[in-house]
Amino acid sequence: MRQYIAGVDIGNATTETALGLIEEGQLIKCVSGINATTGIKGTNDNIKGIIKSLKDAAKKMEIEIEEIDLIRINEATPVIGDFAMETITETIITESTLIGHNPDTPGGLGLGIGETIKIEDLDKAEKDKAYIVVVPAEVDFIDAAKMINEALDNDIDIEGAILKKDDGVLVNNRINKVIPILDEVAAIDRVPIGMPCAVEVSQPGSCIEFLSNPYGIATVFGLTASETKQIVHIAKALIGNRSAVVIKTPEGEVKERRIPAGEIIIDSGKRKYTAPVDRGSREIMETVRKAKNIEDVTGTKGTNVGGMLEKVRKEMADLTEQDYNNVFIKDIMAVDTIVPKEVRGNLANEFAMEKAVGIAAMVKTEKLHMQRLADAVSAELGVKVEIGGVEGSMAVRGALTTPGTEKPLLVVDIGAGSTDACLLDRENKSRPVHLAGAGNMVTMLINAELGLDDFKLAEEIKKYPLAKVESLYHIRHEDGTAQFFEEAIDSKMFARTVVLKPTGWKPVRTKQNLEKIRAVRREAKEKVLITNIIRALEKVSRTGNITEFEHVVLVGGSSLDFELGNMVTDALTYYGIISGKANVRETEGPRNAVATGLLLSYLEEAGNGN
Amino acid sequence: MLEIKELGVSQPGTDAKEIIIAVSPAFGTGLKQSITDVPLEEILKELCAGIEEEGMNYRFIKVYNSTDLGIIASQGSKLAGSGICVAMQSRGTTVIHQKDMVPLDNLELFPQSPLIELDMYRTIGKNTAKYGKGENPEPVEILNDYMVPSKFLIKSTLMHFKEGGMANRDMAPIDLEVTF
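If you read the protein sequences in the order shown, they are chains A and B.
The first sequence begins at 1 in the working numbering and counts up one residue at a time.
The second sequence begins at 1 in the working numbering and counts up one residue at a time.
Hints were generated in silico from the structure; no laboratory data involved.
For clarity, every value in this text was computed on a predicted model and none was experimentally measured.
Certain hints may be false.
[Unchecked claim] Here chain A is said to cover these stretches of chain B; the calculated rule only asks that three of the stretch's residues, wherever they fall, bring their Cβ under 8 Å from a Cβ of chain A:
#: 1; segment: 53–62
#: 2; segment: 98–111
#: 3; segment: 135–146
Even for Gly, the Cβ is constructed at its ideal location relative to N, Cα and C.
Same shape as in the complex, but just chain B (with noise of 0.2 Å):
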């Protein structure tokens, strides 16, 4: 079961071993499965245990001023202490960001989220804190489908009408703490 607990507004991390693991405002609460009804705890699960793996930390942030995963990500990787955010939608979709980016600008842009395997944000993750770590990472291979972004387009969308719902734009990002 994952349960999500916010704790407060988040303030910059000054621990370089710190990654930030940012979320978008409905995940967990309004959204719990991906957009291939993978449950969330799963793909965290992964994601964290990549970036343990590697020997860095990792804080949870929920970003609510914005949907937009660019957006997410910039606050969150200017929170971190390492500098390196992974940023994710509850519908699975992720990036890596590194504080000196314009918002639209990534590391690493996995888009197709259906696509992306429990086993990838286990490599996701991993990439996340050799970054952190000033490492070279060989980047993940992205997978493409030119049909998923139709077939998953009305999905998609009320995935995003529910993030949006959540959304607040006058909240600073919380810290959450996150059990799995």
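If we strip away everything but chain A, and leave its shape as in the complex, we get (with noise of 0.2 Å):
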């Protein structure tokens, strides 16, 4: 008896198909066919993508799609996931302390201490003073460096100075005395007049020592053990600098302030545990892992992370037609990034790197309405349409065709709102577990640690590797590789941070450099992904030791990602786990795991005479 018979997964980006043709309960031969999924999963709007997916693989059969006997589409776990970030610290200047600003071309070089001056009142400087100039835009370089020089002449002692214009090494270049110069300060009529002050500029490639060390800025100001104390927050905010100023005002300073952001308060059926927001991401982590077991989620009302979860939650009734009081949130992820974010009473627009919480929220429910699908199908193709099995035990099945795997294995799945993970243990036994954290909030981390604004190219810094334009005719891989090239690269290219994109190249508009896009995003797939992986491995273990473990396999889009498979190999092989990028037959590589599982646990219902 020849039977064609098809399983179909419907994922939330792709739709996959794996057509067999059975005799005799063997399987003779396998083809895969895939589309784009249309329309959300589990609703109608899903019958286009499912046929052409069909489609595709029917042609490889060479038979009709009208000639297959069954089709098998997987019972979706209805699991979608969101994420919000909440910035808990903020730097605060008081009066007009001008700390930390960084230009990218100050001018001159060295330690300045001095009482601040207006340009136009060196004339009435007196001789034994030390002076930092101030100098306002409506002074040119040309003539600011002309009084300087007079003033100079006239045994003024200048020691620094302060600029509003980009003028550093304008004025530097035109005067007798190298003294340090720091330009670009915006709000220059808020700098203090007749202030003790303080100016330091380094080498280029290297960082200021003085005014980053609190003892040092005691020593300029003269500062007691008690005013100390409060200035570490005006160092900590220069470190790394290569140029700085500090003012000494009567009653100026810098504050760091947590913000309140809110309470998340965990039920885990037997009692409630609460996470205050602004303590971080590890307090957090901790309450979700002594709550064990989730039952629901919520936060404190008109926070960011309230309205957040309030959001999934919506989404979810509003998708399953359920009501929006019985859609719980199932777990919560998070993590500690750091954003760039405008100093708050700043001068020259100083930013500081501000702590913030991101969080990540996953519900699940029972059922999405597959059967409803199912039967669409089979009205429109005339074909036995049926409900084949829940997709994480599919995957596990489709899976377990990898060369070198054997049970228990656990695979991994890693989706763009969730991470969902399912074990297959010796009994042929198979344990979902859905995590919240997954790709969408890698590229948010990646959008916020940048400071994009792009969450479309946050996401293509994401998938792709980056390299450097040197030349028309050569890039540098961020590997440190060059590449030549024949034909001259498009001149749009040059100089620029690209993401190599199969489709084409994108430059990356950001003033950090390669090095460092490439060490926040490595660093936000290690925080999101790596840890999930690590969080699912603990929850499915019956001893909570995951060393118990041996294979760990990865499958679905995401995890064609060109890196992730090596970094979770490189992270799991510490727990002396194998783990790497399933190869669904040996050919389809980490694709067609679930339609492949549907079609196998056909065979094996077969098989035992169903």
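Since each chain sits alone in its own frame, please combine them into the complex, following the hints.
Pasting the structure below:
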């Protein structure tokens, strides 16, 4: 008896088909089909995509769709995830303490200490005092240099300068004494005059040493021990700068304030646990671990987190046509991050790296309307359609066709909104877990930490490797290798850091260099994806000791990521676990696992005399 | 005051810090003001300040054998030690060019000269220097006004005739000493 059986997996992004020719209970031939999923998973809009995916496979089998005897679709576990970010610290400068300014091209070199004075008042300067000259935008660099030179000739002790315009190097090249010059101070009219001030500029490629040290600042201004304690935040904000200025005003100070960001309340069924968001991700994750079983999660109303949790709940309620009150959040994941934010009360658009917490949530309900979809497909094609089995266990069966794997086996499918894992143990029992935090959260972290404000670009940075276009005929890849080209590269790419998309390169519009972008990208993947794989292992483990596992296999589109497979292998080797991308049916790579599982489970059921 | 002295035929530069500022035939001699009557020395001052602020050096050349900005820039970039040239016509139209590019290609082009403000020339200078250093500058925002071409058509045509009148097909690029 010849039978054509198709397994169809409707994913969030792609609809995949595994079409098999079965004779006498034996799989003779198997082909794959793929198409983008049309509409939201689980709705009748999917039919178009299903048919196209089936056609793709049928063509390879050289049959018509109508000849297929049975189509098996997956029982999708309805899981959606979302994320939010809450900044939990903010830096505030009171009065006009100028700090941390780091222009691209300061002038001069060294440390200068003196009293601030307006450049037009230099003729009234006293001879026994040291001065820092403040130059507004109206004074041209040629005039400024001339005025400073005249004052120097009159034995006025000028120790440094602060400019509004980007003229630091220009003034430095025209004056007769090397002094530190800080430029691009936008709010120069708010710089207090007649106050003690210190300006420091270091060599290109090195950082300031004096003003980034609390005791250095104390030395400059003659501070007491208790006053020194107050300026620690100033010193901290200046670490890593090439230039800086600190002005001592009577009331001025720099504060790092914690923003109240609400609480997360985890209901474990037995009791409720609360975690304050502003204490950072460690405390939240510790609470999640303590709660073990999560029945529902809520957040303080009026905060970003509270809003996000309610949004996810509503989305799921709409999707599954359920009552809003019956939708429960089953997992959350928190990640610490730092985001560039403008300092409040700043004089020169200074940015401080503020602490933030990214939070992802996941909701799960009982069933999507898959039966309805199955009936609709059946009516459309005139072919019998049945629901094959749960997504997770199907994925494991498909993944088991990867050479070199055996039971027990954990498959991990990293989606956009959630990380889904499923364990198949020696007794053929499967245990699925669904975790919050996946691809979209990685994108969010990249977007925030690089200050891109462009989700699409962040997504591309996540997916593809980087390179620097060094000339019109060669690029340098992120690993340092050079690649040469016969044809000239598009001139718009010249000198840019580009994302090497297979469909064409895309320049990254950011001041950050390639190394920084790469580090942020890898760290984000580590923080979310690797952490989640380990969390999944901990959840399915009976002993709580993850070294009991032997095989972890990545499936799904996201495992096509160019570096994730290697990162996972790297991380899990530490626990003695073999891990890597699946190679379904030895040919499909990490794709088609669920569809193949649907087909194979039919064979198993048939073999059992069903 | 803008003073221009011709020094002799330009040779390719060897200093990696060198940016070439290439100008058109009538620049500073036949024409002393841009299309919006801004004295050319003011424009040069900002352009040069931008390059200097970024720590690069510059050398002036005049290209006589063409009035086409692309051709002027192309010749300039091939003479620059850094391979980067900023070229300018007397009316103020400006382009940044790299030596490997075909003449009409560019790194950044500022086509509507009446819209270029003085502080933009400073940024253009800065960006030119940054390309010379192999950095990745944010391109200068280009302003666009569809009325400009028709409004300035006659004046720009007249200025172009003047440039053309002073062009000489057989002359190689000349080094300039420019004081302003």
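Outcome of the hint check:
Against chain A, the segment 53–62 of chain B contributes 3 residues with a C-beta closer than 8 Å to a partner C-beta. That satisfies the three-residue criterion, and the hint holds. Only residues whose C-beta sits within less than 8 Å of a C-beta in chain A count toward coverage, and the segment 98–111 of chain B has 7 of them, enough to reach three; the restraint holds. Against chain A, the segment 135–146 of chain B contributes 4 residues with a C-beta closer than 8 Å to a partner C-beta. That satisfies the three-residue criterion, and the hint holds.
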